[in-house]
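What follows is the residue order along each chain.
Protein chains: 2
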Amino acid sequence: FSCKEVFHHIAEMEMDALIIGPTFYDETVELCRRMDDRDIPYIFVDSTIETTHPIAFFSSNHYVCGNLMAKLITSLIPENSKIGMLQAVRTGNHSANTTILRKKGFMDYLTDHKLDHQVLKIPFSVDTPENNKKYLSRFFKSHDDIPGIVIMNSRGNYIANYLYNNKIKGVKMVCLDLTRPNVEALKGGKIDFLIGQEPEYQGFYAMKTLLEYLIFKKPVKKENYVQLDILTRETIDYYKKFNNIVY
Amino acid sequence: FSCKEVFHHIAEMEMDALIIGPTFYDETVELCRRMDDRDIPYIFVDSTIETTHPIAFFSSNHYVCGNLMAKLITSLIPENSKIGMLQAVRTGNHSANTTILRKKGFMDYLTDHKLDHQVLKIPFSVDTPENNKKYLSRFFKSHDDIPGIVIMNSRGNYIANYLYNNKIKGVKMVCLDLTRPNVEALKGGKIDFLIGQEPEYQGFYAMKTLLEYLIFKKPVKKENYVQLDILTRETIDYYKKFNNIVY
Numbered sequence: 021f022s023c024k025e026v027f028h029h030i031a032e033m034e035m036d037a038l039i040i041g042p043t044f045y046d047e048t049v050e051l052c053r054r055m056d057d058r059d060i061p062y063i064f065v066d067s068t069i070e071t072t073h074p075i076a077f078f079s080s081n082h083y084v085c086g087n088l089m090a091k092l093i094t095s096l097i098p099e100n101s102k103i104g105m106l107q108a109v110r111t112g113n114h115s116a117n118t119t120i121l122r123k124k125g126f127m128d129y130l131t132d133h134k135l136d137h138q139v140l141k142i143p144f145s146v147d148t149p150e151n152n153k154k155y156l157s158r159f160f161k162s163h164d165d166i167p168g169i170v171i172m173n174s175r176g177n178y179i180a181n182y183l184y185n186n187k188i189k190g191v192k193m194v195c196l197d198l199t200r201p202n203v204e205a206l207k208g209g210k211i212d213f214l215i216g217q218e219p220e221y222q223g224f225y226a227m228k229t230l231l232e233y234l235i236f237k238k239p240v241k242k243e244n245y246v247q248l249d250i251l252t253r254e255t256i257d258y259y260k261k262f263n264n265i266v267y
Numbered sequence: 021f022s023c024k025e026v027f028h029h030i031a032e033m034e035m036d037a038l039i040i041g042p043t044f045y046d047e048t049v050e051l052c053r054r055m056d057d058r059d060i061p062y063i064f065v066d067s068t069i070e071t072t073h074p075i076a077f078f079s080s081n082h083y084v085c086g087n088l089m090a091k092l093i094t095s096l097i098p099e100n101s102k103i104g105m106l107q108a109v110r111t112g113n114h115s116a117n118t119t120i121l122r123k124k125g126f127m128d129y130l131t132d133h134k135l136d137h138q139v140l141k142i143p144f145s146v147d148t149p150e151n152n153k154k155y156l157s158r159f160f161k162s163h164d165d166i167p168g169i170v171i172m173n174s175r176g177n178y179i180a181n182y183l184y185n186n187k188i189k190g191v192k193m194v195c196l197d198l199t200r201p202n203v204e205a206l207k208g209g210k211i212d213f214l215i216g217q218e219p220e221y222q223g224f225y226a227m228k229t230l231l232e233y234l235i236f237k238k239p240v241k242k243e244n245y246v247q248l249d250i251l252t253r254e255t256i257d258y259y260k261k262f263n264n265i266v267y
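Top to bottom, those sequences are chains F and R. Each number in my numbering comes from the position in the first sequence (counting from 1) with 20 added on. Each number in my numbering comes from the position in the second sequence (counting from 1) with 20 added on.
If you're looking for bench data, these hints aren't it; they were derived computationally from the structure. Heads up, a few of these hints could be off.
[To be verified] Chain R residues, not near chain F, derived (Cβ > 10 Å throughout):
no., residue
1, Arg53
2, Arg58
3, Asn81
4, Lys134
5, Ser145
6, Asp147
7, Phe160
8, Lys161
9, Asn181
10, Asp197
11, Leu231
12, Leu251
[What the hints assert, rightly or not] Pairs of lysine-lysine, DSSO-like flavour, derived with a Cα cap of 30 Å:
no., chain 1, residue 1, chain 2, residue 2
13, F, Lys187, R, Lys134
14, F, Lys102, R, Lys154
15, R, Lys260, F, Lys124
16, R, Lys24, F, Lys102
17, F, Lys124, F, Lys24
18, R, Lys192, F, Lys192
19, F, Lys102, R, Lys207
20, R, Lys102, F, Lys192
21, R, Lys238, F, Lys260
22, F, Lys102, R, Lys134
23, R, Lys124, F, Lys192
24, R, Lys260, F, Lys238
25, R, Lys207, F, Lys192
26, F, Lys124, R, Lys189
27, R, Lys260, F, Lys260
28, F, Lys260, R, Lys102
29, R, Lys241, F, Lys260
30, R, Lys207, R, Lys237
31, R, Lys189, F, Lys192
32, R, Lys134, R, Lys228
33, F, Lys189, R, Lys124
34, F, Lys207, R, Lys134
35, R, Lys241, F, Lys207
36, F, Lys189, F, Lys124
37, R, Lys189, F, Lys207
38, R, Lys102, F, Lys207
39, R, Lys242, F, Lys207
40, F, Lys260, R, Lys237
Where a beta carbon is used, it is the ideal one built from N, C-alpha and C, also for glycine.
Using the sequences plus the hints, can you model the full thing?
Following this line, the structure appears as structure tokens:
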């Protein structure tokens, strides 16, 4: 799959520094090892990987994000009811490391609060999206009593619209990332809670930090966790993106 | 009551401009009338009053805030159950105008969503706080089956701590304003959802707008609604106050 080649290509480029979104675990570890060898500083956005040596990272605390999603969905649905959880499958890769952390946070929250929900995986393919309708119709045929669904990647709108188009009603949705289609679904009442992770802030501060480090030799704060913004249909119109703030 | 005298005093002071938090309706209307006569510009923070002529206001949409509080509390409690609502009483004054708007937003949400909750007023005195314990113990003796409470002013922590100290358990709380005691109560698990209204942002931008208007004659945007931030125990530690943002 192509990311290996791209990472290999990147590792050989001329550069002063690198900003990495480490979705792919093994490939990122290898890329970082080569950056370390070449003494090239790098910063992570979106998530971090423990065995590497970035000068800084800007990321959600994905474990806490999973906690939060569990709190929100369990507040919306009856006790002891089932919860659907989207399980994204990528070829040649275990789940993205962010998803693993979020899922652990989610399951730990249920355990810690002695909540007895059966969590059912909804299969979803990133590589063969043409199969997803089949997966979903099969899933919802055999489980027509699911009161709530959590989506731990940014594809919430896909499921929200599937439910809407197939007239499957009364399913509460807690989703992630303020993509345009997700925000549309939130405004349309198809998503109940949407969580934002300040991507603009992450990108802006990653770049700012690198420039200050390279040019002004400023000291760098390594661990930078961003806000987890909880948005609803009621609040989204008042939400200021980082872009609008004067800096 | 003393605010009348203060407002009267303010109306006669030398000044270039004024920032007003219009908690008291009649007194504010009178003050604004006198500012208009003297051609002195003023800006509102916290809320606005329709019959006056501020050059701008920085405020929550309090009606939407009421909608939001209704959404949050009804997501936490069983259908058809009772909801407690703090009713602050001030001498010689109908409720603060913000509370009236929030309450209307709250009740309209219930109606619009066909939700059948009985809303019970919890009496609370701002002027004679020594009576509040008596009020509360009387209230909770006659209503020991209330699963959720909303507090539409900033005194949420008072009720949250009352419940905690009197071992009244299992009551969900949705409260307003990120005061230090409220944030403590949120962190301690005594408040479930706390809503922030960016007070630092309101004050900073009110001042900035006035200075730019007076000194640089910049055009002013009149209606400025701030964010409604939904905070939980999980997210509060990652919440950056406006203070921390570089501007």
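Structure-based check of all given hints:
Look at arginine 53 of chain R: its CB is around 30 Å from the nearest CB on chain F, clear of 10 Å, so calling it non-interface holds up. Taking the minimum C-beta to C-beta distance to chain F, about 32 Å, the non-interface status of arginine 58 of chain R holds against the 10 Å cut. At roughly 7 Å from the closest C-beta of chain F, the C-beta of asparagine 81 of chain R falls inside 10 Å, breaking its exclusion from the interface. Look at lysine 134 of chain R: its CB is around 13 Å from the nearest CB on chain F, clear of 10 Å, so calling it non-interface holds up.
Separation of serine 145 of chain R from chain F is adequate, the least Cβ-Cβ distance of about 30 Å exceeding the 10 Å criterion. No Cβ of chain F comes within 10 Å of the Cβ of aspartate 147 of chain R; the nearest lies about 33 Å off, and the non-interface call holds. The claim that phenylalanine 160 of chain R lies off the interface holds: its Cβ sits roughly 23 Å from the closest Cβ of chain F, which is beyond the 10 Å cut-off. No Cβ of chain F comes within 10 Å of the Cβ of lysine 161 of chain R; the nearest lies about 28 Å off, and the non-interface call holds.
Every C-beta of chain F lies more than 10 Å from that of asparagine 181 of chain R, the closest at about 22 Å, which supports listing it as non-interface. Even its closest Cβ contact with chain F, about 15 Å, leaves aspartate 197 of chain R beyond 10 Å, as expected for a residue assigned away from the interface. A cut-off of 10 Å between C-beta atoms confirms that leucine 231 of chain R is not in contact with chain F; the least separation is 14 Å. At the 10 Å boundary, the C-beta of leucine 251 of chain R falls inside the reach of chain F, the nearest C-beta of that chain being 8 Å off.
Our distance criterion of 30 Å between C-alpha atoms is met by lysine 187 of chain F and lysine 134 of chain R, whose separation comes to about 20 Å. With a C-alpha separation of about 43 Å, the suggested pairing of lysine 102 of chain F with lysine 154 of chain R is violated against the 30 Å cut-off. A distance of roughly 25 Å separates the Cα atoms of lysine 260 of chain R and lysine 124 of chain F; the hinted pair therefore holds under the 30 Å criterion. Distance check on the hinted pair: lysine 24 of chain R and lysine 102 of chain F sit about 58 Å apart at the alpha-carbon level, beyond 30 Å; violated.
A distance of roughly 27 Å separates the Cα atoms of lysine 124 of chain F and lysine 24 of chain F; the hinted pair therefore holds under the 30 Å criterion. Using a Cα cut-off of 30 Å, the hinted pair lysine 192 of chain R and lysine 192 of chain F holds, with the two alpha carbons roughly 20 Å apart. Proposed proximity of lysine 102 of chain F and lysine 207 of chain R is supported: the alpha carbons are some 29 Å apart, at most 30 Å. For the suggested pair lysine 102 of chain R and lysine 192 of chain F, the alpha carbons sit about 22 Å apart, so the restraint of at most 30 Å is met.
Restraint check: the Cα-Cα separation between lysine 238 of chain R and lysine 260 of chain F comes to about 22 Å, which is no more than 30 Å; the hinted pair holds. With a C-alpha separation of about 25 Å, the suggested pairing of lysine 102 of chain F with lysine 134 of chain R holds against the 30 Å cut-off. Restraint check for lysine 124 of chain R and lysine 192 of chain F: satisfied, since their Cα atoms lie roughly 26 Å apart, inside the 30 Å limit. The hinted pair formed by lysine 260 of chain R and lysine 238 of chain F meets the criterion: a straight-line CA distance of about 22 Å does not exceed 30 Å.
For the given pair, lysine 207 of chain R sits about 26 Å from lysine 192 of chain F by alpha-carbon distance, which is consistent with the 30 Å threshold. A C-alpha spacing of about 28 Å is found between lysine 124 of chain F and lysine 189 of chain R, which places the hinted pair at or below 30 Å, so the restraint holds. A threshold of 30 Å between alpha carbons decides the hint, and for lysine 260 of chain R with lysine 260 of chain F the separation of about 14 Å falls inside it, so the pair holds. With a C-alpha separation of about 35 Å, the suggested pair lysine 260 of chain F and lysine 102 of chain R falls outside the 30 Å cut-off, and the hint is violated.
Pair hint lysine 241 of chain R plus lysine 260 of chain F holds up; C-alpha atoms about 16 Å apart against a cutoff of 30 Å. For the proposed pair lysine 207 of chain R and lysine 237 of chain R, the alpha carbon gap of about 45 Å is over 30 Å, so the pair is violated. For the given pair, lysine 189 of chain R sits about 27 Å from lysine 192 of chain F by alpha-carbon distance, which is consistent with the 30 Å threshold. Our distance criterion of 30 Å between C-alpha atoms is broken by lysine 134 of chain R and lysine 228 of chain R, whose separation comes to about 43 Å.
A distance of roughly 28 Å separates the Cα atoms of lysine 189 of chain F and lysine 124 of chain R; the hinted pair therefore holds under the 30 Å criterion. At roughly 20 Å between alpha-carbon atoms, lysine 207 of chain F and lysine 134 of chain R fall within 30 Å of each other, so this suggested pair holds. Under the criterion of a C-alpha separation no larger than 30 Å, the hint pairing lysine 241 of chain R with lysine 207 of chain F is consistent with the structure, at around 25 Å. Restraint check: the Cα-Cα separation between lysine 189 of chain F and lysine 124 of chain F comes to about 28 Å, which is no more than 30 Å; the hinted pair holds.
A distance of roughly 35 Å separates the Cα atoms of lysine 189 of chain R and lysine 207 of chain F; the hinted pair therefore is violated under the 30 Å criterion. Proximity of lysine 102 of chain R to lysine 207 of chain F is assessed by CA-CA distance (about 28 Å); at most 30 Å being required, the pair is judged to hold. In summary, the hint linking lysine 242 of chain R to lysine 207 of chain F is supported, as the alpha carbons are separated by about 25 Å, within the 30 Å threshold. With a C-alpha separation of about 26 Å, the suggested pairing of lysine 260 of chain F with lysine 237 of chain R holds against the 30 Å cut-off.
Hint check: violations occur at hints 3, 12, 14, 16, 28, 30, 32 and 37; the rest are consistent with the structure.
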